[in-house]
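Put together the whole structure using the sequences plus the hints.
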Amino acid sequence: MSLALLVPIALGLGVLIGGPILAHMARQKPVERLPYGAMMLVQRLVKRLRRRRRLRDLWLLLLRALAVAALVLAVARPEVSWPGDVPEFGGTGRVVLLVDDSMSMSLRQFAGGPTLFSQAQADAIALVRDLPDGARVGLVRLGGGAEALSGSLSTDRSRLLADLASLEPGFGRTDLSGGLRLARGLLEDEPGEVVVFTDQAGPGVVQGAAEELERLVERGSSVHPRIVEAGELGNLVVSSAVYGEGLEGGTITLQVDNFGPAEIEAPVSVTLPDASEITAFATVPAEGSARVQVTVPPEVPGGIGTARVRDPGLAVDDSRAFHLPRVGASRVLVVDGDPGSTPVRSEVYFLERALAPWGEVRGGVLPETVAPAGLARLDPDVHRVVYLANLSDPAAWSTDLVDFVRAGGGLVISLGSNVTADRYNAALRELMPATLRKPRSLVSGSAEGGVPLVLPPVDDPLFAPFTRRGRRALEAVEVRVAWTLEPYAESDDVRTLLRLEDGNPVLIEHLVGRGRVLLWTSTLDLDWTNLPLQAAFLPLVQRLTSWLGGEAGMSSSRFEGLVGERVSVPLPDGGGDPRLTGPAGEELPYTVHPGAEPAVRFLPTTPGAYALQFEGSKPFARVAVNTDPLESDVRVGLALATIEAELKPELFLRRAELGLWSIWLAVALLALQGVASRLLGRRITPK
Amino acid sequence: MSTEVLTPWEPEVLARIHHLHLVARHVVEGVLHGAHRARRLGPNVEFADYKEYSAGDPLRDLDWKVMARSDRLVIKRYEAETELACTLVLDASGDTGTGDGAVRGRLPPEGSKLSYGVALAATLAYFLHLHGEPVGLIVLGGEGVEQPWIPPRGGRQHLSLIFATLARVRAGGTAELASGLSQYAPRVPRRGLVALITDFMEESTDWLPALRGLARRRADVVAFHLLDRRELSLDYDRPLVVFSPEGGDALPIDPGGDRSEFNRVVSDWLDEVRGSVVGQGGRYFPTWSDLPLEDALRRAIQGLL
Chain A
1 MSLALLVPIA LGLGVLIGGP ILAHMARQKP VERLPYGAMM LVQRLVKRLR RRRRLRDLWL
61 LLLRALAVAA LVLAVARPEV SWPGDVPEFG GTGRVVLLVD DSMSMSLRQF AGGPTLFSQA
121 QADAIALVRD LPDGARVGLV RLGGGAEALS GSLSTDRSRL LADLASLEPG FGRTDLSGGL
181 RLARGLLEDE PGEVVVFTDQ AGPGVVQGAA EELERLVERG SSVHPRIVEA GELGNLVVSS
241 AVYGEGLEGG TITLQVDNFG PAEIEAPVSV TLPDASEITA FATVPAEGSA RVQVTVPPEV
301 PGGIGTARVR DPGLAVDDSR AFHLPRVGAS RVLVVDGDPG STPVRSEVYF LERALAPWGE
361 VRGGVLPETV APAGLARLDP DVHRVVYLAN LSDPAAWSTD LVDFVRAGGG LVISLGSNVT
421 ADRYNAALRE LMPATLRKPR SLVSGSAEGG VPLVLPPVDD PLFAPFTRRG RRALEAVEVR
481 VAWTLEPYAE SDDVRTLLRL EDGNPVLIEH LVGRGRVLLW TSTLDLDWTN LPLQAAFLPL
541 VQRLTSWLGG EAGMSSSRFE GLVGERVSVP LPDGGGDPRL TGPAGEELPY TVHPGAEPAV
601 RFLPTTPGAY ALQFEGSKPF ARVAVNTDPL ESDVRVGLAL ATIEAELKPE LFLRRAELGL
661 WSIWLAVALL ALQGVASRLL GRRITPK
Chain B
1 MSTEVLTPWE PEVLARIHHL HLVARHVVEG VLHGAHRARR LGPNVEFADY KEYSAGDPLR
61 DLDWKVMARS DRLVIKRYEA ETELACTLVL DASGDTGTGD GAVRGRLPPE GSKLSYGVAL
121 AATLAYFLHL HGEPVGLIVL GGEGVEQPWI PPRGGRQHLS LIFATLARVR AGGTAELASG
181 LSQYAPRVPR RGLVALITDF MEESTDWLPA LRGLARRRAD VVAFHLLDRR ELSLDYDRPL
241 VVFSPEGGDA LPIDPGGDRS EFNRVVSDWL DEVRGSVVGQ GGRYFPTWSD LPLEDALRRA
301 IQGLL
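So the protein sequences, as listed, match chains A and B.
Every letter in the first sequence is one number past the one before it in the working numbering, and letter 76, counting from 1, is 76.
Every letter in the second sequence is one number past the one before it in the working numbering, and letter 158, counting from 1, is 158.
It should be emphasised that the hints constitute simulated quantities derived from the structure, not laboratory data.
From a predicted model like this one, the values you see are computed outputs, not experimental measurements.
Glycine included, each C-beta is placed from N, C-alpha and C at the ideal position.
Watch out, some of these pointers could steer you wrong.
[As the list claims (entries may be wrong)] Distance windows between CB atoms, simulated:
#1 A:Leu-660 to B:Gly-247: 53 to 63 Å
#2 B:Asp-290 to A:Val-31: 22 to 32 Å
#3 A:Leu-660 to B:Gly-248: 47 to 57 Å
#4 A:Val-31 to B:Gly-248: 11 to 21 Å
[As the list claims (entries may be wrong)] For lysine to aspartate or glutamate, the following DMTMM-like pairs were computed, each having C-alpha atoms within a straight-line distance of at most 20 Å:
#5 A:Lys-47 to B:Asp-271
#6 A:Lys-47 to B:Glu-52
#7 A:Lys-47 to B:Glu-261
#8 A:Lys-47 to B:Asp-206
#9 A:Lys-47 to B:Asp-268
#10 A:Lys-47 to B:Asp-249
#11 A:Lys-47 to B:Glu-203
#12 A:Lys-47 to B:Asp-290
#13 A:Lys-47 to B:Glu-202
#14 A:Lys-648 to A:Asp-274
[Stated by the list, open to error] One side of the interface only, derived from the structure: several residues of chain B facing chain A at Cβ under 10 Å:
#15 Glu-203
#16 Tyr-236
#17 Asp-249
#18 Asp-258
The structure is reproduced here in structure tokens:
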């Protein structure tokens, strides 16, 4: 609070204060003198009263001086100013209303009560109705990207009220910065008043608008926050849902955040793509987080699942869509190209056991071993991975295999003595990462052992499990015979995953369509390598299977998006016009962005699972769209007024002239000193 | 204030002497009858009573006749008929010249504490004279007094001298009780009566040692405390500047303001004076100047008897 004087020259009258002081000091004494025979007693009385009397005299003097000072102050017209919470509204006649219709405004003020948005909407309508005639008003909404609802400032209040009444809170984030920019445009860079109806929720929302606020204030405008706040209600939200793969299915780890002031125990339900539901309970501390894990069944189709936690405050962000890979998927078709005379002599004897070490019942991978003719049973809807083990002639099924891989399937080709280079190079040309030459013995004569592997890089996600002890297991693998390949170029589609120490590639990956092909240039039995007997064999087979069948399969088709933000999905070749469906299965419009890599673009308006698919085929892309996590944080952040007060503190000053009060004060003090003077003057005055 | 000494032949003094005679005679005759009895018991003169002999009693007081008849040892006691030398000590300091109705310039101011004190002293002197007791006078302070000390004697001429001295005394100067009493105490007869007529307007710590000196001489001190009711109740209707006739600073007072506190001061002071006098074996008589002189004399005689 500060004090200023409108007529400071009047302070010169302050010399009048000397008047009462002089009068006090030269106080008139009684005139009549009387000889008195008990002066000793009077002196005793004076001694007794001296201290009390001195204090009383001091008060009297003080009162008189204050009375004169108050009179002088009244003439000088003092004005008191103090900082207010918000700038004073009114006066310019040019007003822009910024109404926050972001997701956080759907928070209820109390359980079962109205939402913050309805309160803000009512406040805005009341303000518009109270505006003086002739005031020009504009309207901007802030949710999910600011939008000006009026092209310019207008006096048409009925239309503005209709626009206000039609607003509803959405799922988007608060675009305060954009709103202030639009307000500046509506004001045409001239001074005006911007009234912001918001909850100020979300970290960084206000800070992000600081620059625009500064520009607005620099142009002489003022911003008037009208804050709507909830009571004790907080908000629970599933902020992340991550699937962790395991040999026996896996788990989904959910993180539940509590943006409220009290600890809450809430049920969390997870709906899997096959509509099955798993429920768990989470105890989330106040303004903290809790992790919840749910175990998924051994076999679940891939797709988009939903995790939901309920709270009474903000319901629109209770669900979170997340991608779930095909779990336990991997029904694997193993084509045995060299059955042998006994099972143990079979080409796939070790492979079968590595794929299903606990048998079919408990295994996450379900192998189905067939003779070459069994390839006719290949079903893209059932099988995720196909192993061709030393198959002599795949020509009869080459088309099926190509379609299978293009659609996202995984194919592992292991070679052997049955393989004929010409047949493979011709029939599987589209799938093979390189052209086969011929088998070659890597050791001389009957020498024992073979050529060891060059250990793969640990940062390759495919070999992520082979760290530490698993890595040492790979060191024991040796290859004695392997097919040689025509020189090939490494590219985005073709890469060598494993090499032998002599430089020969032994495992090559080839991306085809939405699927992958892995070429193992040796055998999967003991004929050309000791791999099946090594500790690394089982985890390597499991890893390759899950890589092809779940984790890596269709990986290019998983997308994440936020409500209110444009989503772009690359458009695969040769499928025609795809179809976009929303969370409720409704068909939605989209645009195709042309160019070298054409893409489908659309703007999701609600959270949930979106899918893009060609007619008659499975979705080639799934998009999990969620609400902005920043909007779920309903805690009030930095105040808009705080930044504005730093930018232009004078906007917040309240002023009041104290002229009349000073006069009354002076009169009161004069009366008081009169009474005090009369009372105190009746006492004996010591000299 | 004039320090002129008035001679006994001046008309005003003669009139005052006559007045004092009349006042004293009127008051004494109106109040007293009978004789004054000596307070001391001693040898000879008049038999008083018997008492059982105890070791240390003089053998000459044994009643031999009673012993012969009854074998009892008894002592004969006698009441002494002695002269009671009385010294009147009159405080005539400036402060005693004030009081309700005091008129400046008169001898002494009528209605003042001193005039009351003078009348009281004259009355006492006359009373004692009637009883054949020697009377003396000491005037402390005051003006117009040629002989501030008159030793105790009997006779009409001596009484006239005392009356003449009292008639001429005027208030003035300072009493200085302490120094005055100390100065005259050796001249006061031992075991005599000292009638102290004063307003005690001095700090008790000053005069108390002198009073103690009188007590050591076995003097029978009777204090007549001259009090003016108006002065001690601040019974004035408007603010005044008061000053002491003895000098010192003048002080403005507003009687209505601190009367209650002043009453407490007065009460404390009276207790203090009474305690000091009684503490030294003396007798204390508050003597309000607005009460009839007969009352004061009656109380004094009762005290003296």
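Status of the hints after comparison with the structure:
1. The given range of 53 to 63 Å is respected by Leu-660 (chain A) and Gly-247 (chain B), whose C-beta atoms sit roughly 57 Å from each other.
2. The supplied range of 22 to 32 Å is met by Asp-290 (chain B) and Val-31 (chain A), whose beta-carbon atoms lie about 28 Å from each other.
3. Taken as a hint, the range 47 to 57 Å holds for the pair Leu-660 (chain A) and Gly-248 (chain B), whose Cβ atoms sit roughly 53 Å apart.
4. At about 20 Å, the CB distance of Val-31 (chain A) to Gly-248 (chain B) agrees with the hint of 11 to 21 Å.
5. Proximity of Lys-47 (chain A) to Asp-271 (chain B) is assessed by CA-CA distance (about 19 Å); at most 20 Å being required, the pair is judged to hold.
6. Taking the CA atoms of Lys-47 (chain A) and Glu-52 (chain B), the gap is near 60 Å; set against the 20 Å cutoff, the hint is violated.
7. Restraint check for Lys-47 (chain A) and Glu-261 (chain B): satisfied, since their Cα atoms lie roughly 12 Å apart, inside the 20 Å limit.
8. Taking the CA atoms of Lys-47 (chain A) and Asp-206 (chain B), the gap is about 19 Å. The hint holds against a cut of 20 Å.
9. For the suggested pair Lys-47 (chain A) and Asp-268 (chain B), the alpha carbons sit about 14 Å apart, so the restraint of at most 20 Å is met.
10. Between the alpha carbons of Lys-47 (chain A) and Asp-249 (chain B) the distance comes to roughly 14 Å, so the proposed pair stays at or under 20 Å and holds.
11. This hinted pair checks out: Lys-47 (chain A) and Glu-203 (chain B) have alpha carbons roughly 15 Å apart, not beyond 20 Å.
12. Using a Cα cut-off of 20 Å, the hinted pair Lys-47 (chain A) and Asp-290 (chain B) is violated, with the two alpha carbons roughly 29 Å apart.
13. Proposed proximity of Lys-47 (chain A) and Glu-202 (chain B) is supported: the alpha carbons are some 16 Å apart, at most 20 Å.
14. Distance restraint check for Lys-648 (chain A) and Asp-274 (chain A): the Cα-Cα separation of roughly 58 Å exceeds the 20 Å cut-off, and the hinted pair is therefore not satisfied.
15. Given the 10 Å rule on beta carbons, the hint for Glu-203 (chain B) holds: about 7 Å separates it from the nearest Cβ of chain A.
16. At its closest, the beta carbon of Tyr-236 (chain B) sits 7 Å from a beta carbon of chain A; the interface hint therefore holds under the 10 Å criterion.
17. Against a cut-off of 10 Å between C-beta atoms, the interface hint on Asp-249 (chain B) holds, since the closest Cβ of chain A lies about 6 Å away.
18. Taking 10 Å as the C-beta cut-off, the interface hint given for Asp-258 (chain B) holds, the closest approach to chain A being about 5 Å.
In the structure shown, a violation is registered for the earlier hints numbered 6, 12 and 14, in ascending order.
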